[in-house]
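Protein chains: 4
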Amino acid sequence: MSVAVTMAPAAPTAEEEAQLARLYADFERHHLMPLWTQTNDLMPLTPKPKAVPHVWAWKDLYPLAQRSGELVPVGRGGERRAIGLANPGLGGHAYVSPTLWAAIQYLGPRETAPEHRHSQNAFRFVVEGEGVWTVVNGDPVRMSRGDFLLTPGWNFHGHHNVTDHPMAWIDGLDIPFAQQMDVGFFEFGSERVTDAATPAFSRGERLWCHPGLRPLSGLRDTVSSPIGAYRWEVTDRALTEQLLLEEEGQPATVAPGHAAVRYVNPTTGGDVMPTIRAEFHRLRPGTVTQTRREVGSSVFQVFEGRGVVTLDGGETSLETGDLFVVPSWCAWSLAAEGSFDLFRFSDAPIMERLSFARTQVEGGDR
Amino acid sequence: MSVAVTMAPAAPTAEEEAQLARLYADFERHHLMPLWTQTNDLMPLTPKPKAVPHVWAWKDLYPLAQRSGELVPVGRGGERRAIGLANPGLGGHAYVSPTLWAAIQYLGPRETAPEHRHSQNAFRFVVEGEGVWTVVNGDPVRMSRGDFLLTPGWNFHGHHNVTDHPMAWIDGLDIPFAQQMDVGFFEFGSERVTDAATPAFSRGERLWCHPGLRPLSGLRDTVSSPIGAYRWEVTDRALTEQLLLEEEGQPATVAPGHAAVRYVNPTTGGDVMPTIRAEFHRLRPGTVTQTRREVGSSVFQVFEGRGVVTLDGGETSLETGDLFVVPSWCAWSLAAEGSFDLFRFSDAPIMERLSFARTQVEGGDR
Amino acid sequence: MSVAVTMAPAAPTAEEEAQLARLYADFERHHLMPLWTQTNDLMPLTPKPKAVPHVWAWKDLYPLAQRSGELVPVGRGGERRAIGLANPGLGGHAYVSPTLWAAIQYLGPRETAPEHRHSQNAFRFVVEGEGVWTVVNGDPVRMSRGDFLLTPGWNFHGHHNVTDHPMAWIDGLDIPFAQQMDVGFFEFGSERVTDAATPAFSRGERLWCHPGLRPLSGLRDTVSSPIGAYRWEVTDRALTEQLLLEEEGQPATVAPGHAAVRYVNPTTGGDVMPTIRAEFHRLRPGTVTQTRREVGSSVFQVFEGRGVVTLDGGETSLETGDLFVVPSWCAWSLAAEGSFDLFRFSDAPIMERLSFARTQVEGGDR
Amino acid sequence: MSVAVTMAPAAPTAEEEAQLARLYADFERHHLMPLWTQTNDLMPLTPKPKAVPHVWAWKDLYPLAQRSGELVPVGRGGERRAIGLANPGLGGHAYVSPTLWAAIQYLGPRETAPEHRHSQNAFRFVVEGEGVWTVVNGDPVRMSRGDFLLTPGWNFHGHHNVTDHPMAWIDGLDIPFAQQMDVGFFEFGSERVTDAATPAFSRGERLWCHPGLRPLSGLRDTVSSPIGAYRWEVTDRALTEQLLLEEEGQPATVAPGHAAVRYVNPTTGGDVMPTIRAEFHRLRPGTVTQTRREVGSSVFQVFEGRGVVTLDGGETSLETGDLFVVPSWCAWSLAAEGSFDLFRFSDAPIMERLSFARTQVEGGDR
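For the record, the sequence lines run as chains A, B, C and D. Here our numbering is used: the first residue of the first sequence is 8, the next is one more, and so on. Here our numbering is used: the first residue of the second sequence is 8, the next is one more, and so on. Here our numbering is used: the first residue of the third sequence is 8, the next is one more, and so on. Here our numbering is used: the first residue of the fourth sequence is 8, the next is one more, and so on.
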């Protein structure tokens with residue numbers, strides 16, 4: 008139901024109608040718009056997103072990226088060979104949700120995506136493959152399967168493929184938010200990556216990836232995480248331990264059969280970037296999550312395993328690489344067939360920092 | 008200059024062109040969109056708002072509100088007789104900027120705007136008149152000239168005019184932000200105000216408006232200010248003292264000849280609401296402010312006096328009641344002819360909490 | 008009961024006793040001390056303060072201060088004519104508790120207490136009289152009955168009496184904490200006050216004492232409050248309003264018949280200084296507070312009215328000016344005969360910031 | 008120089024002296040003490056600790072602990088076979104500084120130190136040995152060489168030695184602070200450890216020791232770190248990487264040749280406990296640190312290597328296991344002969360949270 012329904016002055020006379028028409032014309036001339044004639048849902052009872060729930064199959068996405076690799080060069084100007092997931096409800100924009108951008112990026116053998124920087128916060132998640140190093144503010148970061156990689160706002164970054172095979176991965180950014188809110192700055196950098204070394208671990212990892220330890224050279228808190236790469240081995244081990252602890256009868260999982268971690272900024276314990284939350288979820292075979300609605304939008308990618316997602320009542324089977332978007336206040340739940348691993352990112356930090364966050368869980372609000 | 012210019016594969020053959028066409032058709036079919044063909048400014052070098060700077064004259068606005076008062080009833084459904092300032096660059100929406108809503112609201116003699124509540128944060132600012140009480144969560148709040156009045160998100164509120172003369176004021180909300188981000192909830196309340204008393208001071212003021220004192224019954228910090236009304240007498244006194252202190256050679260003003268206060272939440276010292284900042288500025292006659300660009304948008308209303316605003320180089324003369332919007336990264340400055348009092352509100356808390364805030368001041372960044 | 012009782016090796020032989028004696032002698036020689044022979048309460052079951060509850064009568068204190076005024080000069084070296092309340096349990100120190108210093112300070116006609124600054128945080132509370140200005144970092148602050156006045160750590164301050172009659176007030180500081188923790192620095196300043204003006208309101212008040220307003224020239228949060236004087240008129244009005252609201256059936260008081268405010272730093276909403284909390288309490292005639300134990304120590308001074316304090320079961324009648332100390336975990340309650348106004352200060356910020364705070368209220372913990 | 012020197016009324020007459028004597032007697036009778044006769048340094052120009060810098064040699068300490076193991080049983084009552092380092096300046100107390108307790112604790116083969124809990128925050132650091140598990144709130148934590156182990160305030164903990172050889176380690180607590188401030192509570196627990204398992208890794212580690220990852224079951228920030236054991240392997244690797252990065256010309260060390268990490272609470276990035284900071288420092292051979300004074304006290308233990316400490320100008324050679332205390336504002340520096348590894352703990356969180364922290368570094372304040 009809509010709040011801003013047209014107000015009905017009871018049976019207006021012809022003279023009244025003429026006066027109203029003149030009034031509305033004068034409004035328009037003066038760049039005004041009355042609240043009471045707005046037929047769209049300006050203030051709905053619950054969020055009514057234009058964005059719709061949608062699933063993209065990896066088996067469709069990846070071949071299209073390959074064909075792009077053959078037909079479209081990468082270089083200065085277009086900057087990136089990235090193909091954005093365009094939410095069917097947000098016609099005409101490559102926005103997966105009103106806040107988030109999700110794309111598959113594809114880099115052919117020996118190719119380089121030139122360096123630049125922008126206000127928009129970005130990350131990469133690698134569902135398969137290896138061979139590319141992303142260079143973030145001069146620090147070369149290996150990209151391998153299962154890794155979650157950060158390029159927070161205003162950090163220079165470029166990618167280069169040092170192998171003879173192509174590589175694809177997922178990019179996530181806050182481009183739609185930045186564009187609609189008019190907050191974006193952009194600067195071109197080097198056409199080649201500024202450090203062509205290919206170390207196994209980036210300098211950020213070597214300085215920061217020691218659990219519970221903080222370098223005395225890094226005591227000032229940072230807006231975004233100083234860790235450039237969250238490695239799959241670490242994520243996998245954390246999830247494995249949670250499930251083992253659960254088997255031992257210890258509190259560790261977020262719900263029975265459901266292990267989950269959030270990627271965090273070690274200087275604060277909070278989200279990795281000011282606008283984007285990222286998590287990894289693992290469900291035991293047979294686990295079904297509670298149905299949940301949240302303010303704000305999320306994107307999931309299946310990393311491994313098979314299962315089913317239910318989005319506002321509609322079920323879709325999922326397999327490795329498949330992506331889906333959950334718009335604001337859309338009811339969602341997951342069911343695992345085998346073991347089921349999913350990467351998730353969302354705009355939750357925006358909602359929490361601005362106090363708009365709400366969650367409704369089957370059987371009660373949280 | 009745009010970053011995402013079309014990439015030009017040098018002299019494609021007819022076969023290549025056909026392949027590209029097939030690729031793009033396949034993209035569309037699968038709800039994908041390549042980054043490299045987006046001709047719009049997806050990632051501009053600096054913010055390129057669709058919103059434009061614009062001035063609305065009070066002498067146009069107020070008569071239109073009066074005519075609405077005669078022709079359009081107020082009541083359940085349309086809820087409010089509010090006329091939104093529609094930024095000419097945001098065609099089709101009553102958005103003064105991508106985040107903010109500004110409207111003139113008009114309540115005839117003895118009329119009531121029924122109670123409701125919504126996630127959207129709202130305030131009122133009274134440029135002239137009196138006679139209406141706004142009832143916020145059951146607390147009746149007098150509305151008088153120069154007062155700044157809060158109805159933070161999810162507080163029930165309704166207004167009623169207890170006099171025989173009409174009253175108009177300015178509403179400010181984060182409706183555009185809430186609508187685009189899909190965060191809004193709405194709930195209808197009582198058709199009449201739940202407390203028809205007309206006290207000079209609201210209970211919130213009586214509990215909270217004692218400088219430097221906090222009630223022991225209110226030690227928990229609140230997301231939004233517990234003060235329902237910031238009275239003109241207090242604002243005026245604060246600005247007067249700043250200018251007197253300046254005359255005595257003491258640091259007090261924000262710049263020479265420029266007194267200014269921010270309305271704050273006394274439980275935190277921070278902004279009154281999570282998405283909206285509100286301030287009051289007073290310029291001595293002849294004062295000219297530095298030219299400034301800021302990320303995020305602002306709306307000003309002249310409260311008293313005369314002056315000139317320069318917006319991206321274009322000058323407009325202003326008098327009491329005139330409103331203007333400053334879109335993101337628009338260069339602005341003010342020049343006072345006589346003493347010049349202005350109310351300002353903006354989305355700065357959004358920009359600061361999400362780390363997108365930037366300011367460029369003539370002669371150097373801040 | 009004590010934890011660290013001597014451990015008793017069952018029936019030691021003479022040889023064993025000799026060995027133990029040699030061991031203990033070796034401990035001493037090497038500056039070591041075994042935990043198991045410590046007969047004092049190193050780790051008691053609940054706090055066992057050396058400080059004891061105690062009441063000082065104003066009718067004793069004030070004449071002694073007067074006699075000091077006749078016999079002892081004030082000036083550089085001794086710096087202040089202050090007489091400290093010495094807790095009978097803390098023999099040999101002018102400590103009212105392990106953290107707090109409380110003293111009566113007396114300034115004769117036309118006398119000056121020279122300027123200096125120190126790390127220790129200080130305040131004054133005026134139970135009667137007027138005529139002295141305290142000059143804090145060059146800002147002259149009038150001292151009048153009922154005022155609470157701040158001189159936070161490392162601010163220069165001196166006092167001068169501009170009248171022909173003497174004046175006395177209460178000083179509160181964190182001297183015992185600073186001395187035991189070895190945190191204190193001290194610096195001499197001007198022998199005369201640096202600004203001899205006697206304005207009704209200090210510059211800090213003129214800039215900061217406008218409820219809900221923050222100067223744009225003061226947007227950086229400060230460790231201690233920028234308000235130099237919390238005036239009695241304001242405190243009285245806040246308490247009066249709480250009791251009126253209570254009569255109207257509104258939530259406002261901290262408990263039935265018990266109005267109370269905390270003095271706060273307007274830049275944060277938190278305590279006025281990092282180590283000292285200050286509050287003002289007003290009880291309606293006949294009100295009896297719940298019995299309460301708290302970690303940390305407090306000092307109260309009766310500002311007006313009559314009542315009874317119960318400290319660990321012992322009752323004492325109180326009248327205007329009387330002071331009493333509540334050591335850590337001492338059970339206390341107040342009973343008002345007529346209307347009963349009390350100023351309170353405590354070390355609660357220390358306890359809260361270091362997570363040692365605990366409160367036990369008759370009928371349940373809080 | 009002392010501030011509170013006795014004030015000298017110039018040439019008092021006999022009558023005046025008699026009056027003064029009566030005044031002072033009356034002060035004493037009423038539990039008052041004048042500021043102006045206090046000859047001790049109540050407010051010194053810089054901190055003047057009673058605690059003195061002091062070094063304890065491991066070659067003295069360890070044999071004394073062994074002899075205690077033979078002569079003194081451990082069990083309920085004395086609770087722990089711990090021998091406290093008694094600062095020579097704090098006569099009569101086993102306080103290494105006014106805030107900190109440091110002790111060597113010794114547990115014989117198959118012995119158990121029974122479970123208890125207290126408000127005091129505690130940790131263990133293991134300079135050599137293994138074979139003991141400390142059980143913290145039911146979670147068994149292995150203790151091995153180089154490990155830093157937490158038992159934050161009000162967590163039950165007991166230790167048991169599962170081997171046939173004894174083990175010793177260092178305990179650090181805030182006992183002196185807790186005792187002087189009267190904040191301590193204590194509760195006896197099980198006489199035997201509540202979980203006799205001897206896992207290689209505790210449950211806290213398995214849940215929390217994954218760099219940059221936070222369990223979704225642990226999103227609420229905790230006052231103290233949820234990590235029970237910070238393992239030597241991790242600390243060593245972090246320090247090694249810092250020195251390697253330095254060799255590669257990258258910013259990583261806190262000063263040339265000086266690697267250092269702080270142990271932190273992963274939920275906040277801040278100190279592990281509210282009152283105690285812990286760090287590990289590694290100096291390259293030949294490195295000499297800047298001379299530094301700090302408000303607050305520190306204790307160091309040499310973990311490995313040889314070097315020299317200079318404390319207020321006095322030099323002492325150090326080897327593995329040696330401990331020294333740096334009182335507040337004592338000038339200290341370290342010089343490494345070979346590679347030089349030191350564990351450090353301090354009361355810095357107290358000083359920072361209460362805004363008393365100051366540091367003076369050779370060549371300028373910080």
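Please keep in mind that the hints were generated in silico from the structure rather than gathered at the bench. Just so we're clear, the structure is a prediction, and the values are computed from it rather than from any experiment. By construction, the Cβ of each residue, glycine as well, lies at the ideal position given by its N, Cα and C atoms. Please note that the accuracy of each hint is not assured.
If you only want the chain C side, here are some residues facing chain D, beta carbon under 8 Å, derived [claimed, not checked]:
(1) Leu30
(2) His38
(3) Leu42
(4) Trp43
(5) Thr53
(6) Leu71
(7) Gly85
(8) Gly91
(9) Glu137
(10) Gln187
(11) Leu250
(12) Pro281
(13) Arg360
(14) Phe363
(15) Gln367
Evaluation of the interface hint that places Trp43(C) against chain D, nearest CB under 8 Å: Because about 4 Å separates Trp43(C) from the closest Cβ in chain D, which is inside the 8 Å limit, the hint holds.
Cut-off 8 Å, beta-carbon criterion: hint that Leu30(C) touches chain D: holds, 5 Å
Restraint satisfaction for His38(C) [CB to CB of chain D, less than 8 Å]: Holds. Min distance 5 Å.
Interface restraint verdict for Leu42(C) against chain D (beta-carbon cut-off 8 Å): holds, 4 Å
Evaluation of the interface hint that places Thr53(C) against chain D, nearest CB under 8 Å: At about 6 Å, which falls below the 8 Å cut-off, the nearest Cβ of chain D leaves the hint on Thr53(C) intact, so it holds.
Arg360(C) as chain D interface residue, shortest Cβ-Cβ below 8 Å: Given a least distance of 4 Å, the restraint on Arg360(C) holds.
Chain D contact restraint on Phe363(C) - CB to CB distance below 8 Å: Holds, because the Cβ-Cβ distance from Phe363(C) to chain D comes to roughly 4 Å (cut-off 8 Å).
Chain D contact restraint on Glu137(C) - CB to CB distance below 8 Å: With a closest approach of 23 Å, the Glu137(C) hint is violated.
Minimum beta-carbon distance criterion (8 Å), Leu71(C) to chain D: holds, 6 Å
Hint check, Leu250(C) versus chain D [nearest Cβ-Cβ separation less than 8 Å]: violated, 34 Å
Status of the hint placing Gly85(C) at chain D (closest C-beta pair under 8 Å): holds, 4 Å
Status of the Gln187(C) interface restraint (C-beta, 8 Å, chain D): holds, 5 Å
When each numbered hint is compared with the structure, violations occur for hints 9, 11, 15.
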